[in-house]
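Protein chains in written order, with our numbering: chain A, 1 to 460; chain B, 1 to 501.
It should be emphasised that the hints constitute simulated quantities derived from the structure, not laboratory data.
All figures in this text were calculated on a predicted structure; none of them were measured in a lab.
One or more hints might be untrue.
As the list claims (entries may be wrong) - Okay, derived cross-link-like pairs now, DSSO-like style, lysine-lysine, Cα gap no bigger than 27 Å in a straight line:
hint	chain 1	residue 1	chain 2	residue 2
1	A	K184	A	K100
2	A	K397	B	K216
3	B	K339	A	K422
4	B	K413	B	K153
Said to hold, decoys possible - Chain B is faced by these chain A residues, among others (derived, beta-carbon under 7 Å):
hint	residue
5	I251
6	F312
7	E314
8	H315
9	E318
10	I328
11	N329
12	F330
13	Y400
14	N402
15	E421
16	F424
17	D446
18	T455
19	Y460
Stated by the list, open to error - Have a look at the derived ranges for each label pair, beta carbon to beta carbon:
hint	chain 1	residue 1	chain 2	residue 2	range
20	A	E357	B	D315	28 to 36 Å
21	A	E270	B	A66	55 to 63 Å
22	A	D75	B	V4	47 to 55 Å
23	A	Y135	B	V4	28 to 36 Å
24	B	V491	A	T263	35 to 43 Å
25	B	G454	A	E146	44 to 52 Å
26	B	A66	A	N334	19 to 27 Å
27	B	K498	A	D236	35 to 43 Å
28	A	H283	B	V491	27 to 35 Å
29	B	E302	A	D304	25 to 33 Å
30	B	G141	A	E270	55 to 63 Å
31	B	Q297	A	D446	31 to 39 Å
32	A	I15	B	G454	54 to 62 Å
33	A	P231	B	D447	33 to 41 Å
Don't be surprised by glycine CBs; every beta carbon is placed ideally from N, CA and C.
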Amino acid sequence: MIDFILPLFGRFHPILVHLPIGILAFGIILVFLSKKGSNQHLDAIRLAFLLGGIAAVLSSVSGFLQYQYEGFAWDTVQFHFILGWSTVLASFWLFYEVNKESVFPKHLKWKSTGLFGLMLLTGHLGGNITHGEEYLIEVLPPEVLELMGVALQAEQGLVIPEQGWEQLAYYDQVVQPIINQNCKSCHNPQNLKGELDLTSYEALLKGGEGGSVLVAGNAGESSLYARLILPKDDEDHMPPEEKRQPQKEAIELIKAWIELGGTTNSKLGESNISAETLEPFFHRVEKPFYPEEIVEAASAETLDQLKFEGFFAEHVSEESNWLLISCINFQDFNNQDWTKLTPIKNQIVYLDLTGTEISDPILDSISSLPNLTVLKLNQTGISGSTLAALNSNQHLKNLYLNKTAISIDQLNLLNNHPSLEKVFAFETPLSEAEIPKDLSFYLENDLYQLPPLPTDTIEY
Amino acid sequence: MKQVEKLLNELTQQKLERQTRRHFLMDCVSKMGGLALAPLMFGCDTGTAKKSGGLDLSQRDLNPLAPLPPPYGGKAKSIIYLHMAGAPSQLELFDYKPELAKYHNQPCPESLLEGRKFAFIRGVPNLLGPQANFAQHGESGAWVSDFLPHFSKVVDEVAFLKAVHTDQFNHGPAQLFMQTGSPRLGRPSLGSWVTYGLGTENQNLPGFVVLTSGGKTPDAGKSVWGSGFLPSVYQGVQCRSKGDPVLYLQDPDGMSRDMKKNLISAINTVNKEEFNNYGDPEILARINQYEMAYRMQIEVPEVMNINDEPEYIHDLYGTKPGTESFANNCLLARKLVEKGVRFVQLYDWGWDTHGTDHDGSIDMGLRNKCREIDRPMSALLLDLKQRGLLEDTLVVWGGEFGRTPMQENREGKTQSFLGRDHHGDAFTMWMAGGGIKKGASYGLTDDFGFSGIGEQVSVHDIHATILHLMGFDHEQFTYEFQGRPFRLTDVEGELIRKILA
Numbered sequence: 001m002i003d004f005i006l007p008l009f010g011r012f013h014p015i016l017v018h019l020p021i022g023i024l025a026f027g028i029i030l031v032f033l034s035k036k037g038s039n040q041h042l043d044a045i046r047l048a049f050l051l052g053g054i055a056a057v058l059s060s061v062s063g064f065l066q067y068q069y070e071g072f073a074w075d076t077v078q079f080h081f082i083l084g085w086s087t088v089l090a091s092f093w094l095f096y097e098v099n100k101e102s103v104f105p106k107h108l109k110w111k112s113t114g115l116f117g118l119m120l121l122t123g124h125l126g127g128n129i130t131h132g133e134e135y136l137i138e139v140l141p142p143e144v145l146e147l148m149g150v151a152l153q154a155e156q157g158l159v160i161p162e163q164g165w166e167q168l169a170y171y172d173q174v175v176q177p178i179i180n181q182n183c184k185s186c187h188n189p190q191n192l193k194g195e196l197d198l199t200s201y202e203a204l205l206k207g208g209e210g211g212s213v214l215v216a217g218n219a220g221e222s223s224l225y226a227r228l229i230l231p232k233d234d235e236d237h238m239p240p241e242e243k244r245q246p247q248k249e250a251i252e253l254i255k256a257w258i259e260l261g262g263t264t265n266s267k268l269g270e271s272n273i274s275a276e277t278l279e280p281f282f283h284r285v286e287k288p289f290y291p292e293e294i295v296e297a298a299s300a301e302t303l304d305q306l307k308f309e310g311f312f313a314e315h316v317s318e319e320s321n322w323l324l325i326s327c328i329n330f331q332d333f334n335n336q337d338w339t340k341l342t343p344i345k346n347q348i349v350y351l352d353l354t355g356t357e358i359s360d361p362i363l364d365s366i367s368s369l370p371n372l373t374v375l376k377l378n379q380t381g382i383s384g385s386t387l388a389a390l391n392s393n394q395h396l397k398n399l400y401l402n403k404t405a406i407s408i409d410q411l412n413l414l415n416n417h418p419s420l421e422k423v424f425a426f427e428t429p430l431s432e433a434e435i436p437k438d439l440s441f442y443l444e445n446d447l448y449q450l451p452p453l454p455t456d457t458i459e460y
Numbered sequence: 001m002k003q004v005e006k007l008l009n010e011l012t013q014q015k016l017e018r019q020t021r022r023h024f025l026m027d028c029v030s031k032m033g034g035l036a037l038a039p040l041m042f043g044c045d046t047g048t049a050k051k052s053g054g055l056d057l058s059q060r061d062l063n064p065l066a067p068l069p070p071p072y073g074g075k076a077k078s079i080i081y082l083h084m085a086g087a088p089s090q091l092e093l094f095d096y097k098p099e100l101a102k103y104h105n106q107p108c109p110e111s112l113l114e115g116r117k118f119a120f121i122r123g124v125p126n127l128l129g130p131q132a133n134f135a136q137h138g139e140s141g142a143w144v145s146d147f148l149p150h151f152s153k154v155v156d157e158v159a160f161l162k163a164v165h166t167d168q169f170n171h172g173p174a175q176l177f178m179q180t181g182s183p184r185l186g187r188p189s190l191g192s193w194v195t196y197g198l199g200t201e202n203q204n205l206p207g208f209v210v211l212t213s214g215g216k217t218p219d220a221g222k223s224v225w226g227s228g229f230l231p232s233v234y235q236g237v238q239c240r241s242k243g244d245p246v247l248y249l250q251d252p253d254g255m256s257r258d259m260k261k262n263l264i265s266a267i268n269t270v271n272k273e274e275f276n277n278y279g280d281p282e283i284l285a286r287i288n289q290y291e292m293a294y295r296m297q298i299e300v301p302e303v304m305n306i307n308d309e310p311e312y313i314h315d316l317y318g319t320k321p322g323t324e325s326f327a328n329n330c331l332l333a334r335k336l337v338e339k340g341v342r343f344v345q346l347y348d349w350g351w352d353t354h355g356t357d358h359d360g361s362i363d364m365g366l367r368n369k370c371r372e373i374d375r376p377m378s379a380l381l382l383d384l385k386q387r388g389l390l391e392d393t394l395v396v397w398g399g400e401f402g403r404t405p406m407q408e409n410r411e412g413k414t415q416s417f418l419g420r421d422h423h424g425d426a427f428t429m430w431m432a433g434g435g436i437k438k439g440a441s442y443g444l445t446d447d448f449g450f451s452g453i454g455e456q457v458s459v460h461d462i463h464a465t466i467l468h469l470m471g472f473d474h475e476q477f478t479y480e481f482q483g484r485p486f487r488l489t490d491v492e493g494e495l496i497r498k499i500l501a
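Construct the entire structure; sequences and hints are all you get.
This is the structure we're talking about:
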């Protein structure tokens, strides 16, 4: 009948711990406020250390009970436990010191500082147990973390290769990673919430305080699945409402695994899971279109100046430092205006000089843009005599030469360009020229036609 | 606090918008007396100091179409949206249903009709087999009918969505839903959202241009390109493809450009003073419209003139200058996008094939409509491709819903022409260009083409995908109005990843 008393008292630990902290801190403050030779605060200090010590005992006992009844592992709590009791001893010792004589004991400030350190460390370890090791530093800016030499290790979620996913071991390579990401932080040997450990198949089979969590072949009966699909506000719902929830596809995968028999030797391909369900987990390295290098952002004044001059000048996206430059409202831009762009020559990735008054010499200037990816020279006086200069633009991918006088001999100079992918040369001499088959890039020089059909003129 | 401020501003704005001459006269009754009394009591100070209306004048207010970077790098810079108003029949164009042909003229199974409501169909209609011949085309093997012989040559550029669904079955609400994300009035159109979010590249042209053909504008009226609760400056600018593109844009005889400039700057000075006094943002919109109209005077006639296009381009599109046609509008769309216009919206009217007359028949009228768009829309894709514009221009094609696999039996009678009723369960749309996977096909429909049976997408999903391609996260792209943030996709919408490159 009174079995509940002890665990209940254990659950008061989170409240009780604040008592000794407050009381002892107050005593320590008084120690430091005392002037040399003055015994003014001595009575108060004595009382603070006595009450603080008693409160520390209550905290430590309730902490021990919590450890006993709430499924914490000794490994996790041991230092917190030891330091907690040390705090108890230290406060009583200081009380004894102060109580012994009616004058201020020697080195009391040093000793109090030690007690304070002890208390701080105990509290910190306790906080780590409740909120997780990274709770405190999580919010620090990444630069600071780097300085501290800490790398936050986020539990990597499920990643599945797009090809050959059918051959993956269903438990080890699919279910376990999902559990690791969503359940492990509370269900591991150190932190046995509900006495359930989900870090391995063997542990999973053992189940928790409510018995087995897996009923092979029956997902609805397995709490490993059933609790995931309970309404979020149901108290049995897992993961707890305030925690990150698994994706619906991940839940689907767990269900299919249980229905397949819930063993370690099934393959993902044996289930009725479709590639569509796996879509969110496919690992795709999308290569960004613009270079991956990181450059300094152009200053706001520089951009305003460019806009004032008549350029269209904008960032590729809000987070990007790359710049798009267009002369769409600056049609009398000519070779002499180039200097206006030199302050941002590292940031330009997209340059549209369509319809401007530029001529061939500007290609040499353009070749000095290290990150240029798209270049539009449509409808300009570019004839291409110095087109080879563009070979030094190591990131150039798309080159637009529509309505210029470019010829095939000049274009050939760009053959084997390190990065060039597409050249558009609509309405140029190239439209009629014979194009070599082995160009290293795709050339769009067609003048497309849609030949007339008899049906074009039939009225129904 | 910021939100409260925003609400108060909104209130002021709403009040200002509704202030009419009548209010003034009404106020006169009570306030003229007060006016006379005031100096007697307070001397000359009436206690109403000049206020700017509590609105901050930011750079964006003064130049609302100034370009902005997208939150995320977008694959597309511009959009050309081809809307076939009236809703074309997917069963004669893209959704090949040989099974339906076998049941032609047989009564529709009850199971399809149970609990359903149609716009015109009553009782048990007969099934109507496909009236076109289908074949697979291109490397992607896309099914296209012989109603679109030219388009069948460019299918490899396109990604089809074959199971789009909408919950509206009348034109007006369905068009509004397709263009504004809500079947009821008051929401900003897709084009307004995009120009609001990105501004426009060319400062001498509007950011959002609307072109119509087919003899009528969409049933839902101009709200389909309206700006809803966004500032009015982001609404679509309708340009005519016949005659003056924008009415009254030309200077009258004897008015020189300098004179015009002086005139406009004088008007704007007065308007700015007016704004400082009353703080009505509509005044700002007006200042901007004057300035833009002045700049547009040069650029618009040039960009809207297709006479100077070379002969082979006219042959490609099948354009005839001086007429109002879908072909001319397609060519104009290309020219506008080439000139840095953000959003070009085309509406072609005349796709409502109920079978009530010759023009509205599935086997004849629809064919004529298809012939009108087949060459131009295929030409548009090819022309964008050869100029390299397809790299960063998104082309979207579709109607507001689809059509039934059943012959329409208006008022329970047999009709003299073949026709299909409105149907929103599963219809076809396609997208091409910036960021779209070439030759993709997404969506499955049942054997009659009545409902989607897999890979269905909603109108919100399409909006989410379009916004994604323009560099937005549709869940974060919001506008604060009436005390809550509004989204184009409301609370729905999922990216259609399968059609992304």
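(message) Name the hints, by number, that the structure is in violation of.
(response) When the structure is compared with the hints, numbers 1, 2, 4, 5, 12, 15, 30 turn out to be violated.
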